[in-house]
Structure formats: structure tokens, C-alpha cells
Amino acid sequence: KQEVTQIPAALSVPEGENLVLNCSFTDSAIYNLQWFRQDPGKGLTSLLLIQSSQREQTSGRLNASLDKSSGRSTLYIAASQPGDSATYLCAVGRQAGTALIFGKGTTLSVSS
Amino acid sequence: GAVVSQHPSWVICKSGTSVKIECRSLDFQATTMFWYRQFPKQSLMLMATSNEGSKATYEQGVEKDKFLINHASLTLSTLTVTSAHPEDSSFYICSARDPSGQGNQPQHFGDGTRLSIL
Numbered sequence: 117k118q119e120v121t122q123i124p125a126a127l128s129v130p131e132g133e134n135l136v137l138n139c140s141f142t143d144s145a146i147y148n149l150q151w152f153r154q155d156p157g158k159g160l161t162s163l164l165l166i167q168s169s170q171r172e173q174t175s176g177r178l179n180a181s182l183d184k185s186s187g188r189s190t191l192y193i194a195a196s197q198p199g200d201s202a203t204y205l206c207a208v209g210r211q212a213g214t215a216l217i218f219g220k221g222t223t224l225s226v227s228s
Numbered sequence: 013g014a015v016v017s018q019h020p021s022w023v024i025c026k027s028g029t030s031v032k033i034e035c036r037s038l039d040f041q042a043t044t045m046f047w048y049r050q051f052p053k054q055s056l057m058l059m060a061t062s063n064e065g066s067k068a069t070y071e072q073g074v075e076k077d078k079f080l081i082n083h084a085s086l087t088l089s090t091l092t093v094t095s096a097h098p099e100d101s102s103f104y105i106c107s108a109r110d111p112s113g114q115g116n117q118p119q120h121f122g123d124g125t126r127l128s129i130l
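Chains as they are written, first to last, in this note's numbering: chain A, 117 to 228; chain B, 13 to 130.
Because the hints were derived from the structure by calculation, they are not lab data.
Every value quoted in this text rests on a predicted model; they were computed, and no experiment measured them.
We put the CB at the ideal spot given by N, CA and C, even for glycine.
Misleading hints may appear alongside valid ones.
Result set (DSSO-like, lysine-lysine): computed pairs, CA atoms no more than 30 Å apart in a straight line [as the list claims (entries may be wrong)]:
(1) Lys158/A / Lys78/B
(2) Lys158/A / Lys26/B
(3) Lys26/B / Lys117/A
(4) Lys76/B / Lys158/A
Chain A residues, not near chain B, derived (Cβ > 12 Å throughout) [said to hold, decoys possible]:
(5) Val129
(6) Val136
(7) Asn138
(8) Thr142
(9) Asp143
(10) Gln154
(11) Leu163
(12) Asn179
(13) Asp183
(14) Ser186
(15) Arg188
(16) Tyr192
(17) Ala195
(18) Thr203
(19) Gly209
(20) Ser225
Simulated DEER-style distance windows between Cβ atoms [said to hold, decoys possible]:
(21) Ser17/B / Gln170/A: 25 to 33 Å
(22) Gly213/A / Ala84/B: 17 to 25 Å
(23) Asn179/A / Gln41/B: 13 to 21 Å
(24) Ser17/B / Thr174/A: 28 to 36 Å
(25) Ser112/B / Pro130/A: 38 to 46 Å
(26) Gly213/A / Thr94/B: 27 to 35 Å
(27) Gln54/B / Ala145/A: 22 to 30 Å
(28) Thr94/B / Asp183/A: 29 to 37 Å
(29) Asn179/A / Pro111/B: 24 to 32 Å
(30) Thr142/A / Ser128/B: 29 to 37 Å
Here chain A stands alone, though its shape is the one from the complex:
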């Protein structure tokens, strides 16, 4: 059974810092991995999607990497801003078009 773990559960940093969020999964046979942002009481915003054949994806200040063989992914946020404060969720897809398996998330707080 696939399990997704995110470390740390919470993180507080001052504005401007670069930071890394970690995600690990137990079964390396994945189709893709997706990072989401969730604001309190809100739905999910897709940030980055990495196919199993890819190593990384970048969007603005965000960079996500994938090491499928070791079952790990990282989300790198450069020059953090208070607006980045949210919960970041990592999710893996087992096959194309199937439901995602989520980690519990990392709650990020960026202070000004």
C-alpha cells in the first residue's frame, strides 16, 4: 500500500529565506507526483506536476524534484514571501487517471 509522508509537518521562516519541503513515498511505481497549495478552509491549487520520467519541474520561484528510485520529492521555494504561507501537499498518482494519494502536508508560515 502506497504511503506518502511529508516532513516537516510545520515550518516557520522569516521572509526572504529559501526553503525545502520534503515528500517521501513507499512505492516507487508511480505515474506522477503533484504538489499542491491549500489555504485555510480552501480547496487545492496545483503548483507543479512531475511525470515519473522527469527529474524536476520549475514554475517561478518554485522548483520540484523527483527521485523515483529513492521514493523522494522536494519542493524548493526561493526567496519566500508572507504570501507563501499555506499548507503544501504532496500527492502521487499510481496510474494515469487514477486518484491521488496525499501526504498530510507541511504548514508553512513566512513572517515579514
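Here the structure of chain A is known, so what remains is to put chain B in place on it, guided by the hints.
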């Protein structure tokens, strides 16, 4: 881009009431939609897979008679929580993937429904 609309966003009702939540794909046809539930400070857990024109597939431990799913069209899936009780209070969220896109299309999520049963 693809958008998934979920309605209502917030429901408060008395115990014993049935509540219907709608999930619509606004600019694409979704043969499959997914329903998740999220308890406070917990991960999203898949409840069921909604298939257009056929019965939904429920995850282990999810009561199909309590959580009725109907996927009558390619753009609409509904989740009805029947005879809701306080323990059903949670955040319910749906997702869908645009099958017309390439294989790397991400899943799109609705904004979720906060259900509070008194």
C-alpha cells in the same frame, strides 16, 4: 484552463438531514471524478471514484449507502450524505482530470465543501 466547480462551499444542518454536494467540470468532460474527505489537520483521503454512467467505486470503510454518488453526465457528479450525523462533519472535495489532454495533465480540484452537522 480547466476548472472544477463545487457547490455549496459551506453547509450547516441538523443531524438526520441529507446533504447533496455538486461537482461540475466547467470546460471539459470528465468520465471520472474523485471524492475526497479531509478531517482537520489530516490528509485528503479518497472516499470513492465516480464513473459516468456506472456505479461508483468506494474505498474500504466508506459506506456506499450513506454516501450516495451519482455521475449522470460527463460534467456533473453529486455526493449525497444521507442522514448526516456530527461525525460526518468534514471538508469534502472533488477532483477531475481532463481526459482530452496529454498524459501529463494535472488533476483539477474543486474548492471543497465544509459540512457541519449540528
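Checked hints:
Proposed proximity of Lys158/A and Lys78/B is supported: the alpha carbons are some 25 Å apart, at most 30 Å. Distance restraint check for Lys158/A and Lys26/B: the Cα-Cα separation of roughly 23 Å lies within the 30 Å cut-off, and the hinted pair is therefore satisfied. For the given pair, Lys26/B sits about 37 Å from Lys117/A by alpha-carbon distance, which is inconsistent with the 30 Å threshold. A distance of roughly 26 Å separates the Cα atoms of Lys76/B and Lys158/A; the hinted pair therefore holds under the 30 Å criterion.
No Cβ of chain B comes within 12 Å of the Cβ of Val129/A; the nearest lies about 20 Å off, and the non-interface call holds. With 12 Å as the threshold on Cβ separation, the claim that Val136/A sits away from chain B holds: the shortest Cβ distance comes to roughly 20 Å. Every CB of chain B is more than 12 Å from the CB of Asn138/A (nearest about 15 Å), matching its label as outside the interface. A cut-off of 12 Å between C-beta atoms confirms that Thr142/A is not in contact with chain B; the least separation is 14 Å.
For Asp143/A, the non-interface assignment is confirmed: its Cβ lies about 16 Å from the closest Cβ of chain B, beyond the 12 Å cut-off. A cut-off of 12 Å between C-beta atoms contradicts the statement that Gln154/A is not in contact with chain B; the least separation is 9 Å. Taking the minimum C-beta to C-beta distance to chain B, about 9 Å, the non-interface status of Leu163/A is violated against the 12 Å cut. The claim that Asn179/A lies off the interface holds: its Cβ sits roughly 17 Å from the closest Cβ of chain B, which is beyond the 12 Å cut-off.
At the 12 Å boundary, the C-beta of Asp183/A stays outside the reach of chain B, the nearest C-beta of that chain being 18 Å off. The non-interface label for Ser186/A is consistent with chain B: the shortest C-beta to C-beta separation is roughly 21 Å, beyond 12 Å. The Cβ of Arg188/A sits about 18 Å from the closest Cβ of chain B, beyond the 12 Å cut-off, so the non-interface label holds. No Cβ of chain B approaches the Cβ of Tyr192/A within 12 Å, the least distance being about 19 Å, so the stated non-interface status holds.
Separation of Ala195/A from chain B is adequate, the least Cβ-Cβ distance of about 25 Å exceeding the 12 Å criterion. Taking the minimum C-beta to C-beta distance to chain B, about 9 Å, the non-interface status of Thr203/A is violated against the 12 Å cut. The beta carbon of Gly209/A is not kept farther than 12 Å from every beta carbon of chain B, the shortest such distance being approximately 8 Å. Under the 12 Å C-beta cut-off, the non-interface status given to Ser225/A relative to chain B holds; the minimum distance is some 15 Å.
For the pair Ser17/B and Gln170/A, the beta carbons lie near 30 Å from each other, so the given range of 25 to 33 Å is met. Our hint of 17 to 25 Å for Gly213/A and Ala84/B holds, since their Cβ atoms are close to 20 Å apart. Taking 13 to 21 Å as the suggested C-beta distance range, the pair Asn179/A and Gln41/B does not conform, at roughly 33 Å. Ser17/B and Thr174/A have their C-beta atoms about 29 Å apart, which keeps the hinted 28 to 36 Å range intact.
Separation of Ser112/B from Pro130/A is about 44 Å and conforms to the stated range, judged on CB atoms against 38 to 46 Å. Between Gly213/A and Thr94/B the beta carbons are some 28 Å apart, a value that agrees with the proposed interval 27 to 35 Å. As the Cβ distance of Gln54/B to Ala145/A is approximately 25 Å, the hint placing it in 22 to 30 Å holds. Here the CB-CB span from Thr94/B to Asp183/A is close to 44 Å, at odds with the stated 29 to 37 Å.
One distance hint, 24 to 32 Å for the beta-carbon pair Asn179/A and Pro111/B, holds here, with the actual separation near 29 Å. Evaluation of the 29 to 37 Å hint for Thr142/A and Ser128/B yields a pass: the beta carbon distance comes to about 34 Å.
The structure fails to meet hints 3, 10, 11, 18, 19, 23, 28 from the earlier list, while all remaining hints are met.
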